[in-house]
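J.: With the sequences and hints as input, model every part of the structure.
Counting in our numbering, the sequence shown tops out at residue 160, every number present.
Treat the hints as calculated values from the structure; they're not laboratory data.
Glycine included, each C-beta is placed from N, C-alpha and C at the ideal position.
Don't take each hint at face value.
Unchecked claim - Below are the EDC-like pairs computed for lysine to aspartate or glutamate, each with C-alpha atoms no more than 16 Å apart in a straight line:
#, residue 1, residue 2
1, K151, D86
2, K152, E63
3, K27, D86
4, K144, E82
5, K152, D86
6, K91, D158
7, K156, E63
8, K80, E150
9, K34, E150
10, K156, E82
11, K151, E82
12, K27, E82
13, K157, D86
Unchecked claim - Label-pair ranges, simulated between beta-carbon atoms:
#, residue 1, residue 2, range
14, K157, L62, 37 to 45 Å
15, L149, V61, 16 to 24 Å
16, R94, M42, 23 to 31 Å
17, I19, K151, 26 to 34 Å
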Amino acid sequence: MFWLIISTIGAACMATGMIFLRLRAAKRPASVRKIILPPMFMSTGALMFVIPMFRVEWIQVLEAFSVGVLFSFLLIRTSKFEVRGDHIYLKPSRAFIFILFGLLILRIVLKLVIGQTVSFGETSGMFFLLAFGMILTWRIAMLKQFLQLEKKLQRKKDLA
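T.: Encoded structure:
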């Protein structure tokens with residue numbers, strides 16, 4: 001129970017941090033680097049699977065990653081870019097805050113349910129994979145959208 005409370009507080013702090021980062025990001029132009037770095041940094045968390053306690057079966061990997069991909073569609077729908085001058089900016093969305101906290105609450109509920117039948121280590125591993133699947137899919141969609149907009153912006157500059 002102690003670890004459940006600590007990990008829930010940690011997740012709430014991360015969600016709050018994401019909201020502030022997202023609000024700050026809207027004030028500066030977006031870039032490919034800013035889009036692809038978060039999943040790259042997060043991928044280092046996969047080192048947790050070196051420790052046997054956190055290892056999960058391949059079916060659990062597939063399940064958790066797939067749920068993360070499904071959750072990412074909410075984030076994808078609220079992540080839009082806009083052109084201001086010669087730069088591309090991430091457009092702030094009020095729905096993002098509600099979706100992020102909604103996903104956090106859903107994650108806590110799932111953790112309580114799954115945690116009763118699956119060990120803490122396996123649950124932690126599965127939720128890492130869920131989060132990674134969500135972030136990776138979301139960021140790939142953002143990158144695709146950004147590159148399309150960048151290409152349009154470049155064509156516009158070439159015609160001018």
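J.: If a hint holds in the structure, say so; if it doesn't, say that too.
T.: Hint check:
no.: 1; hint: K151 - D86; in the structure: holds (12 Å)
no.: 2; hint: K152 - E63; in the structure: violated (37 Å)
no.: 3; hint: K27 - D86; in the structure: holds (14 Å)
no.: 4; hint: K144 - E82; in the structure: holds (14 Å)
no.: 5; hint: K152 - D86; in the structure: holds (11 Å)
no.: 6; hint: K91 - D158; in the structure: violated (25 Å)
no.: 7; hint: K156 - E63; in the structure: violated (43 Å)
no.: 8; hint: K80 - E150; in the structure: holds (13 Å)
no.: 9; hint: K34 - E150; in the structure: holds (14 Å)
no.: 10; hint: K156 - E82; in the structure: holds (14 Å)
no.: 11; hint: K151 - E82; in the structure: holds (13 Å)
no.: 12; hint: K27 - E82; in the structure: holds (12 Å)
no.: 13; hint: K157 - D86; in the structure: holds (9 Å)
no.: 14; hint: K157 - L62: 37 to 45 Å; in the structure: holds (44 Å)
no.: 15; hint: L149 - V61: 16 to 24 Å; in the structure: violated (33 Å)
no.: 16; hint: R94 - M42: 23 to 31 Å; in the structure: holds (25 Å)
no.: 17; hint: I19 - K151: 26 to 34 Å; in the structure: holds (30 Å)
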